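J.: Residues per chain, in single letters:
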Amino acid sequence: MLVRMELTRSGYFVLAALIDGPLHGYAIMRRADELSGGQLRLSTGTLYSVLERAVGESLVVAGEPYVEGGRQRRDYTLTEPGRGALRAEAKRMAQAARTVSMRLRATAGVPAV
Amino acid sequence: MTSREWIGGVVLCCYPRQVRAERGAEMLGTMLDASAGSSGAFARESLLLGIGGLRERASSSARLPVGGLIADGFRWAAIVVASIVTANLVNERWVQHVQVASGSRLLLLGAMFACWLAGYQRASGIVGLVWLARWVLLGGVGGFHIGPVVVYLVPLVGFSAMVVAPVGPAREQRRTA
Numbered sequence: 002m003l004v005r006m007e008l009t010r011s012g013y014f015v016l017a018a019l020i021d022g023p024l025h026g027y028a029i030m031r032r033a034d035e036l037s038g039g040q041l042r043l044s045t046g047t048l049y050s051v052l053e054r055a056v057g058e059s060l061v062v063a064g065e066p067y068v069e070g071g072r073q074r075r076d077y078t079l080t081e082p083g084r085g086a087l088r089a090e091a092k093r094m095a096q097a098a099r100t101v102s103m104r105l106r107a108t109a110g111v112p113a114v
Numbered sequence: 363m364t365s366r367e368w369i370g371g372v373v374l375c376c377y378p379r380q381v382r383a384e385r386g387a388e389m390l391g392t393m394l395d396a397s398a399g400s401s402g403a404f405a406r407e408s409l410l411l412g413i414g415g416l417r418e419r420a421s422s423s424a425r426l427p428v429g430g431l432i433a434d435g436f437r438w439a440a441i442v443v444a445s446i447v448t449a450n451l452v453n454e455r456w457v458q459h460v461q462v463a464s465g466s467r468l469l470l471l472g473a474m475f476a477c478w479l480a481g482y483q484r485a486s487g488i489v490g491l492v493w494l495a496r497w498v499l500l501g502g503v504g505g506f507h508i509g510p511v512v513v514y515l516v517p518l519v520g521f522s523a524m525v526v527a528p529v530g531p532a533r534e535q536r537r538t539a
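Keeping their order, the protein sequence lines are chains A and B. Numbered according to the numbering used here, the first sequence spans residues 2 to 114. Numbered according to the numbering used here, the second sequence spans residues 363 to 539.
Worth flagging that the hints you see were computed from the coordinates, not collected in a lab. These figures come from a predicted structure and were not determined experimentally. Any given hint could turn out to be false.
What the hints assert, rightly or not - Here chain A is said to cover these stretches of chain B; the calculated rule only asks that three of the stretch's residues, wherever they fall, bring their Cβ under 8 Å from a Cβ of chain A: (1) 385-396; (2) 414-420; (3) 481-488.
Said to hold, decoys possible - Label pairs and their computed distance ranges (CB to CB): (4) A:97 - B:400: 46 to 52 Å; (5) A:107 - B:383: 34 to 40 Å; (6) A:9 - B:400: 24 to 30 Å; (7) B:409 - A:97: 30 to 36 Å; (8) B:480 - A:56: 22 to 28 Å; (9) A:22 - B:400: 25 to 31 Å; (10) A:35 - B:369: 41 to 47 Å.
Backbone N, C-alpha and C fix where the C-beta goes; we use that ideal spot for every residue, glycine too.
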């Protein structure tokens, strides 16, 4: 399951890659790499595992296959539940970051070991 | 067909036949694009794709009902036992250079694995049973031994399950629908 309490890191960036519109598999990999600042190196195996689960949970819909530049492609589109899951995860992460930042500021004088 | 396409096609055999039929060409295209120009990247992509395929096979087992799950456990156990025996035979023949008559056993095991990876479970089970019969009756461990019954019994049940109730594309499709 991709969404249990929170999105996986790969799932989050794969869904985020689709915010601006439908993309095929390789374009998703490149966009996810950009969005993560080069920190997420998705492999093909991981990408399709994430996409299959996202399609199964109706977060993403898969289009019909087509051929482009000699390669078979299929575009994936973010659904409204997918946007909702992404929005909820972004909010959860922002809240978690705020909480930790506040605690760090509040304990700035405490010596670390 | 380029050599990379051929290798990618072989690696894709790690995925269940249903997945290969639906997305194999698309996955191969993505993998080739993702690893274009770098043999290191191609090796990494191939390895991770193979792991992803085996993981997909294992996770498709988890979606089975209890009876199917038990049968699938035996099928996997048969594959594991066969893998251990294969590794042992390969070690004897090409590492330790022990002159044992392992050629036909390796051939049978190779055929069994090839059928299993290609998704022909019934054929794989039949070849597995032939290998097992040869192993037990013709002295795979130095003559007929009834002692290590579990070693024979587990793959016997597993290969029999493959023959009697193979998980074919139609059944995979039903359970993933």
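J.: Hint by hint, note whether the structure agrees.
T.: We went through each hint and held it up to the structure:
1. 385-396: holds (count 11)
2. 414-420: holds (count 4)
3. 481-488: Violated, because only 0 residues of the region 481-488 of chain B bring their Cβ atoms closer than 8 Å to Cβ atoms of chain A.
4. A:97 - B:400: 46 to 52 Å: 36 Å, violated
5. A:107 - B:383: 34 to 40 Å: At 57 Å between Cβs, range violated.
6. A:9 - B:400: 24 to 30 Å: Hint holds: Cβ distance 26 Å, inside 24 to 30 Å.
7. B:409 - A:97: 30 to 36 Å: For residue 409 of chain B and residue 97 of chain A the Cβ distance comes to about 33 Å; the hint holds.
8. B:480 - A:56: 22 to 28 Å: 25 Å, holds
9. A:22 - B:400: 25 to 31 Å: 29 Å, holds
10. A:35 - B:369: 41 to 47 Å: 28 Å, violated
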